[in-house]
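Since the structure of chain A is provided, determine the placement of chain B on it from the hints.
Listed here are the chains, written in short residue letters.
Number of protein chains: 2
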Amino acid sequence: MNIITKLFNIKYPIIQAGMVWCSGWKLASAVSNAGGLGLIGAGSMHPDTFLEHIRKCKKGTDNPFGVNVPLLYPEMDKIMDIIVDEGVKIVFTSAGSPSKYTGTLQSKGIKVVHVVASSKFALKCRDAGVDAIVAEGFEAGGHNGAEETTTMTLIPIVRKAVELPIIAAGGIATGGAMAAAFALGADGVQIGTRFAASLESSAHESFKRKIIDAKEGDTKLMMKKVVPVRLLKNKFFEDIEKAENSCATAEELRAILGKGRAKKGMFEGDLENGELEIGQISAYLDKIQTAKEIVDEIMKGYEEAKKKLAGLSF
Amino acid sequence: MNIITKLFNIKYPIIQAGMVWCSGWKLASAVSNAGGLGLIGAGSMHPDTFLEHIRKCKKGTDNPFGVNVPLLYPEMDKIMDIIVDEGVKIVFTSAGSPSKYTGTLQSKGIKVVHVVASSKFALKCRDAGVDAIVAEGFEAGGHNGAEETTTMTLIPIVRKAVELPIIAAGGIATGGAMAAAFALGADGVQIGTRFAASLESSAHESFKRKIIDAKEGDTKLMMKKVVPVRLLKNKFFEDIEKAENSCATAEELRAILGKGRAKKGMFEGDLENGELEIGQISAYLDKIQTAKEIVDEIMKGYEEAKKKLAGLSF
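Line by line, the protein sequences give chains A and B.
Quick note, the first sequence lines up with residues 690 to 1003 if you use our numbering.
Quick note, the second sequence lines up with residues 690 to 1003 if you use our numbering.
This is chain A alone, in the form it adopts within the complex (with noise of 0.2 Å):
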């Protein structure tokens, strides 16, 4: 028990992180019940999508889950409406800024937690009052900080920075990570790339093949003119690439892009034309797993690691 359990009520410190298009009810619900917290990642769902995935997650799971919002998505209203009428006790934000929701949703009774990629916005989420932070370095997949600053380096700036819960997150997918961002300083674990890959994740069944055949060096932190996206590379990542050694401009890449590239990817497995974002530690990753033997895994890879370091003295 910490204070991220505690905060959450729940029995691992193991956030499963909320992803476009890969974290619906299914794989919330899944992680909730193997005793880490599940995510509803409402940044690839209109309002409606929304309300049927909680209403599902609270049929699916007696434990706690949450919510991740990305507070640039356009019918945020409606959202927070809904998170405060259907009781969602724990709500995640990112991309945007921390003072606008907290207070408002924390009079509720709801728990907020923001993520951040520098130790700058760590101290802006202190002033607006959240529960908790994420910590995410520059591996994580999808979208990520300007700085580029590694959960290595991260977690122990962050930990200085401010008192505030963290969560790390970026590269994690094994108990020795677990065991690694504590002792960085973290009090919990924010992991994805595992999670996005696991049998409850709404993934295409191609893309989360993908995902565990990507090797060392297949992912690239790319778009940075227009918003950092770590993707997998194919087709449409070499043609994000071509058009950067080309030196194209932040409107130039953002018609590359399109319209529903994301979807096209992860949801309806197009792996070549499709927007793919995964992190780097999918190259350690080799095989689909249910979200329970992925929670099993990571705590017996936890306990492991804690029986290493107490028998080294020097």
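Where hints are given, some of them may not hold.
Since the list gives no way to pick one copy over another, a pair counts as held whenever it fits inside one copy or between any two copies.
Only pairs whose alpha carbons sit at most 27 Å apart, straight line, appear in this in silico DSS-like list of lysine-lysine [as the list claims (entries may be wrong)]:
(1) Lys904 x Lys813
(2) Lys924 x Lys913
(3) Lys914 x Lys931
(4) Lys715 x Lys981
(5) Lys700 x Lys997
(6) Lys989 x Lys849
(7) Lys809 x Lys924
(8) Lys715 x Lys767
(9) Lys813 x Lys976
(10) Lys922 x Lys849
(11) Lys904 x Lys849
(12) Lys997 x Lys800
(13) Lys748 x Lys778
(14) Lys715 x Lys797
(15) Lys778 x Lys981
(16) Lys914 x Lys904
(17) Lys695 x Lys748
(18) Lys922 x Lys909
(19) Lys797 x Lys700
(20) Lys981 x Lys897
(21) Lys996 x Lys700
(22) Lys897 x Lys715
Please keep in mind that the hints were generated in silico from the structure rather than gathered at the bench.
Relative to the frame of chain A, chain B by itself:
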């Protein structure tokens, strides 16, 4: 005691990275006297200077020390002759193939360690018969791998790929990070940035102060078309950045770099026009300390992290 302390016959599994313009005999002997393994960085030394540093290091410490040799050095055979003639017992090689010198050096009773940034090169090291490897992540200072794999991601992947002893490098400056590296599967740590800013470092005083003043986002991996190198932002960095943003060729970048930039920046203290190589973790540091203070603090922090983990059960 573990496989790394036994291999080098040292007290603590802390290796001071062999760095250009920072790690001469003063730093190497100070780290070795403090119980770690000091390395003389041959990369910025002519053979006669290198010889002088080895002889002074032998006088400066009775403990084991080593040398770091980038294998692209023009006078490599002279350097190797000096190593053998002077009875140096530990050689770290980098930036080249481990197959060329490993066997010859080992036949003289020398332990050989090679630096890699991927499991692919870790396997080459295994085939070359090295005694250990340094696995160095994206956040490390100076020259770096092209795949941008971070320490958090790289160590578990390399651990899965080879059974060799692994020394983790990149983003490590504290005892917590050392414990994290062990939890990820490493057997030792190599620390550059923090020792570059130590009292015994031969870096210019102004450069040391710039290191401890650095904030998140103040370093960036540049020159990817030539050879990736992590630089601290200054006037020279901006020149390179501007050229890269205008799609400069490798040849144009080399022309901007010119000759003697690293010496000018790191050794002579020209903070504007010099090349300043340093790791991301500089953003964590806030003081110049002796090598002994650094080693002692790391070991204290390591024990604290171990204790924290031992108390965390779920």
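Each hint tested on the structure:
For the homomeric pair Lys904 and Lys813, the shortest alpha-carbon distance between copies (17 Å) is at most 27 Å, but the shortest distance inside one copy (36 Å) is not. Taking identical chains as interchangeable, the C-alpha atoms of Lys924 and Lys913 lie at most 27 Å apart whether they share a chain (18 Å) or sit on different chains (22 Å). With identical chains, the CA atoms of Lys914 and Lys931 are at most 27 Å apart both within one copy (14 Å) and between copies (14 Å). In this assembly of identical chains, the alpha carbons of Lys715 and Lys981 lie at most 27 Å apart only when taken from the same copy (12 Å versus 53 Å across copies).
In this assembly of identical chains, the alpha carbons of Lys700 and Lys997 lie at most 27 Å apart whether taken from the same copy (23 Å) or from different copies (18 Å). For the identical chains of this complex, Lys989 and Lys849 are inter-copy neighbours only, at 17 Å across copies versus 29 Å inside a copy, given an alpha-carbon limit of 27 Å. In this assembly of identical chains, the alpha carbons of Lys809 and Lys924 lie at most 27 Å apart only when taken from different copies (24 Å versus 36 Å within one copy). Taking the shortest alpha-carbon separations for Lys715 and Lys767, only the intra-copy value of 23 Å comes in at or below 27 Å, while the best inter-copy value is 64 Å.
Taking the closest pair of Cα atoms, Lys813 and Lys976 come within 27 Å of each other only across two copies (26 Å); inside a single copy the shortest separation is 39 Å, beyond that limit. For a Cα distance limit of 27 Å, the shortest separation of Lys922 from Lys849 across copies, 23 Å, qualifies, whereas the shortest one inside one copy, 36 Å, does not. With identical chains, the CA atoms of Lys904 and Lys849 are at most 27 Å apart between copies only, with a shortest distance of 13 Å across copies and 34 Å within one. For a Cα distance limit of 27 Å, the shortest separation of Lys997 from Lys800 across copies, 26 Å, qualifies, whereas the shortest one inside one copy, 35 Å, does not.
For the identical chains of this complex, Lys748 and Lys778 are intra-copy neighbours only, at 15 Å inside a copy versus 65 Å across copies, given an alpha-carbon limit of 27 Å. In this assembly of identical chains, Lys715 and Lys797 lie within 27 Å of each other by CA distance solely inside one copy; the values are 26 Å within and 61 Å between copies. For the identical chains of this complex, Lys778 and Lys981 are intra-copy neighbours only, at 22 Å inside a copy versus 49 Å across copies, given an alpha-carbon limit of 27 Å. Taking CA atoms no more than 27 Å apart as the test, Lys914 paired with Lys904 passes in both settings, with 26 Å inside one copy and 22 Å between copies.
For a Cα distance limit of 27 Å, the shortest separation of Lys695 from Lys748 inside one copy, 23 Å, qualifies, whereas the shortest one across copies, 56 Å, does not. With identical chains, the CA atoms of Lys922 and Lys909 are at most 27 Å apart both within one copy (7 Å) and between copies (22 Å). Taking CA atoms no more than 27 Å apart as the test, Lys797 paired with Lys700 passes inside one copy only; the shortest distance there is 24 Å, against 55 Å between copies. For a Cα distance limit of 27 Å, the shortest separation of Lys981 from Lys897 inside one copy, 17 Å, qualifies, whereas the shortest one across copies, 49 Å, does not.
In the homo-oligomer, the alpha carbons of Lys996 and Lys700 lie at most 27 Å apart both inside one protomer (20 Å) and across protomers (21 Å), since each shortest distance falls under that limit. In this assembly of identical chains, the alpha carbons of Lys897 and Lys715 lie at most 27 Å apart only when taken from the same copy (15 Å versus 52 Å across copies).
Every hint, counting from the list given before, is met by this structure.
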